[in-house]
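For chain A, the structure is supplied; the task is to place chain B on it using the hints.
Sequences listed follow chains A and B, in order. Per our numbering, residue 49 is the first one in the first sequence, and the count goes up by one each step. Per our numbering, residue 49 is the first one in the second sequence, and the count goes up by one each step.
Where hints are given, some of them may not hold.
[Said to hold, decoys possible] A short, non-exhaustive set of chain A residues, derived as facing chain B with CB atoms under 10 Å:
#1 T161
#2 D217
#3 S340
#4 A353
#5 D400
#6 G437
#7 A456
#8 G459
These aren't lab readings, by the way, just hints derived from the structure by calculation. All of these numbers come straight from a predicted model, not from anything done at the bench. C-beta atoms are modelled at their ideal positions from N, C-alpha and C, and glycine is treated no differently.
Protein chains: 2
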Amino acid sequence: MPVPAFPPLPPGFLDRLSSILGPRNLLTGGDATAPFLTDERRLFPGAAAAVACPGSTAEVSALVRACREAGVPIVPQGGNTGLVGGASAPAGSLLVNLRRMNRIRGVDPANATLTAEAGTVLATVQEAARDAGRLFPLSLASEGSAQIGGLLATNAGGINVLRHGNMRDLTLGIEAVMPDGRVLHGLGGLRKDNTGYDLRHLLIGSEGTLAILTAAVLRLSPLPRQRVTALVAVSGAAQALALLDLLRDRAGEALVAFEFMVQATVAMLVEAGHGFPVDPALPAFVLFDLTSADPEAPLAAQAEAILARAFDGGIVLDGTIGASEGQNRAMWDLRERLPEVQKHFGPSIKHDIAVAVSRIPDFLSRAGAACAAAMPGCRIVPFGHLGDGNLHYNLSPPDGMAPADFLARQGDINRIVHDIVHDLGGSISAEHGVGLMKRAELARYKDPVALDAMRAIKAALDPANLMNPGKLLP
Amino acid sequence: MPVPAFPPLPPGFLDRLSSILGPRNLLTGGDATAPFLTDERRLFPGAAAAVACPGSTAEVSALVRACREAGVPIVPQGGNTGLVGGASAPAGSLLVNLRRMNRIRGVDPANATLTAEAGTVLATVQEAARDAGRLFPLSLASEGSAQIGGLLATNAGGINVLRHGNMRDLTLGIEAVMPDGRVLHGLGGLRKDNTGYDLRHLLIGSEGTLAILTAAVLRLSPLPRQRVTALVAVSGAAQALALLDLLRDRAGEALVAFEFMVQATVAMLVEAGHGFPVDPALPAFVLFDLTSADPEAPLAAQAEAILARAFDGGIVLDGTIGASEGQNRAMWDLRERLPEVQKHFGPSIKHDIAVAVSRIPDFLSRAGAACAAAMPGCRIVPFGHLGDGNLHYNLSPPDGMAPADFLARQGDINRIVHDIVHDLGGSISAEHGVGLMKRAELARYKDPVALDAMRAIKAALDPANLMNPGKLLP
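Looking at chain A on its own, in the form it has when it is part of the complex (with noise of 0.2 Å):
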C-alpha cells in the first residue's frame, strides 16, 4: 500500500534532535531503523531517516518544538503490532517511538490506579498490578509486546471488554504532548471530573494524529480469585445469543468474556492436528469465562446450574467445563491459536467487523451467503467477541486457489462484507482501527458529519497538520 512521501529533512534538524536526546537515542541509517520501519503485516513499510527515542515527558515536548518549527511531520509509536500501518512512519517524517518512556510511575491500591507511561508494555503493567493485588483487565494477544501509548492510541480492545471495557474505559486520566509541544496534564486519577470537554477521550483512539501521548492513570480491578472457563457447542449464532442472555441474567457481574466459533474455524485447529474438547462436527461454539473475587463465590456450581437450564432449553448442545485452571488455560490457548492457524490455509482476506449483538445472527447469515456466492467453496471462517458484537470475519481460499488469485478479489470481498455491516448500522474497524488501510473505506462509509467534525477538529487542534498525518482521517 504506498505511503505518501514528506519532504526532505531541513539541513541540521538531525542535529538540533541529538542536542535534545543525546546521540545515542537518535537511531539513523537501515540498520538501526529497520524494525521501527517493518510492520506487524509487513504491509505498509516504513522510510523515515530517523528514530527519535526521548526518555521523558520534557524530551518529547522538545522534540514536537523542533519539529514544528522545521515543519517536520512526526509519526507516534508503541510496540509496533499494529495492523493497520497507523506506526508507519514516511519518507520525510520523524518516526518517536516510546519506548524508552517505560516507567511505572506508581500505584495507588486506595485509589485503584496504576500510572504507567506511554513505552510500558502490556505485559509489565498487568504484572505489576498483580504485585499490588489488583487485575489490569485488558488483555489480547500482543500483551508482551503491545505498549500503552499504542493501546491508548488505537483504544484497544481484546477479549475481556464485554466486563471491563475497552482501553479507554480503562482509562482515567491520560499526559499528552500536543502539537505546540505543550503538555496537557490529566494525571490526577479522577473518577468523576465535570470541568470540560472530555479531551481524554478526543486523544484516546485519535491514532496519533492529535497529540503524542505520555502517560495515563489506568483503572485496576479486584484480581479474581476463581476461575470457570466452559466451551460448548450450540447450533448457531442465535442460539449462542441465548446463552449470552442467559449467564448475563443469571451471573451477572461474573461474566467476563464470550466467544464464538463456527464449524468451519475449529475445523481448521483439529486438520492443524490440535485436539478439540467438544465434538467438533457440531454448528458452533462458545468460549465463555466466569470470575469472582470471592475465593468462596458458588462459581463452579453456578455455571453448571445455568448450563444445565441452557441444555434443558435446548441452548446448548454439548459442552465442558475446565476442571482446572491448565485446562481452561488450554481451551484459551485453542482460541489464541487460530490466527496463526488460519495461516496453515493460504492467505486471509480478514475483517474486523461490530453490529449491534442483536445483529450478529443477520450479519452471518447475509455475510456467509453473500461471500459464498462471490467466491464458491471459500472457507469462512468468523471467530471473536461475540459479546461485544464484534468478530473477526476471516476467509481462506477454495482449495486449490492460488493465492495471489485469491487476495486479486481482496477488495470485492471487503465491499461485500463492508456493504452489509454498514446496512446494519455496524463499525468496519470494530478494534484495530483505521491507520493507512482503512482510509479509503472511512470516506465511504463513515458519516459525513462526523467525518467533517473530524476534520474540523484535527485542523483546530493541529493546523500544521504534523501529528501522524495521512493517517486515520480520508
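Same frame as chain A, now just chain B:
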C-alpha cells in the same frame, strides 16, 4: 449572578420558528415561559423571549438552521434540574426545551441497550429497562424530572457510579444536531467502534456548547435480584477507605455504592428528628450496597463475613445490615434527605469536589482545618460518593451568624476549599458541571493547555458561537 444578554430577536424570526414547530410548540409571554426561565437554585434567572419545544430531530435541525441564519444563540434545556445555570437562557437567546422528544425508540434486550430521545425522563428509562428485565443503573435525586439530554450534557453521576460509571460510561452512542443543523448519526448500538475521534464522548459533558443531543443508545445491566444494604460506623475517612478496600477485594463486582457521612452530617439528621440506626455519636459513617443478579448468591453471608472481619480488624466500630428491602430503603432515604435537611440549618456553602480516592482523608483534614480557621464554629457537613473520590463538601453557618453574613463569605470559602482540591490534583466540579456558576473558577484552576484545546474545538465546531454561548468556557 449576571447572565449576559444578546441582541433582540430579529423581526420575523418567531414566525419562522412557529411555522417549523407549529404555534402550540413555541411558547412566548411571561406565564408560558416562566417555568423554563427559573432554575432549580433560583440563582440564574433566564430572560429569553421564547421557548421552542421541537417534537423530532428534523424539527431540531430546522430550528438550528433558522437560528444560524438569524444569528440567534440557542440554549438547550432538559428537565431544568441543573445546579450551575447551564440551561439559563439570556435575553436575545432562544431556549430549546426537548421535553416533547420523550419517546423510547426501542429496547434491544439481546444487545442490552435502550434507545431514548433526549427529553425522556430518567425514571421513565429506568422503568422501561425494568420492564425488559434489565437495569438502567444511573440513579440520582432528580431522577423523576431530569431528562436524558441534560444528563448527557452534564455527564451526570449519582450513587451507582462506583460500579456502573457515570452517564458517559452508560452511553453507547448518540444522535445530535450539530451547529450547522446537520444530524450526527450514532445510534448503531455498537460496543466497539474504532473509526476515528470519539465524538460521543466529546459531546457528552459539553453542556450544550457544541450540539443539541437528540437521542442516545443507553447500556443496560443485568437486573439485580438481591441487594444487601449496610450502614456502619468508622473512626474516620482513612478507616472508610480500608473498608472500601476490603469490600472491593472480597466482594469485587458486587459492590455498587459506597457513601460517606461524618458525625456532623448525621447530627443534622438527628436534630431534624430522624432516627439513625447506628450510634450517631461515632465519628463517621459508610452506607454501602452489594447487589447480585444471581438470586441464590450468598450475598448477605458474604456481607456479614466481610463486616465481621472489618470489625475484628478495628476498621468498623458498629453497624447494621438491612433485614428487608424496606430497611434498605429507609437507610438510603436518610442519605437522600441530607441536602433537604441541611436547609433547616440556614443557607449552605456547597462544593462538589473530587480527588483521587486515596487523597480523601488528606483533603478532609486540610479543608476541615482551613474552614474552621476561616469561620470558627461553622458546621462542616461533607457527604457523598467516597468510592468515587467525590464529596459534596458543604458548610452551614455557625450558631447565631446572620444568613447574609454567612453567604458573604462564600467566595472566600470556595477559594480555600478549591485551592486545596487543586493542590491535590482534584476537580472543582465532579458531577454538576460548570455552567455559569463555575466559569470563573475554571479559568483559575483548569489546565491552560486543556482550556486552549477546548476553545479551539469550540471555535472549530461552532464558529458563530451560537450553541449555549457564555456557558462552560471561561
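Hints, verified against the model:
{"no.": "1", "hint": "T161", "result": "holds (7 Å)"}
{"no.": "2", "hint": "D217", "result": "holds (7 Å)"}
{"no.": "3", "hint": "S340", "result": "holds (6 Å)"}
{"no.": "4", "hint": "A353", "result": "holds (8 Å)"}
{"no.": "5", "hint": "D400", "result": "holds (8 Å)"}
{"no.": "6", "hint": "G437", "result": "holds (5 Å)"}
{"no.": "7", "hint": "A456", "result": "violated (26 Å)"}
{"no.": "8", "hint": "G459", "result": "violated (19 Å)"}
Checked against the numbered hints above, the structure breaks hints 7 and 8 and satisfies the rest.
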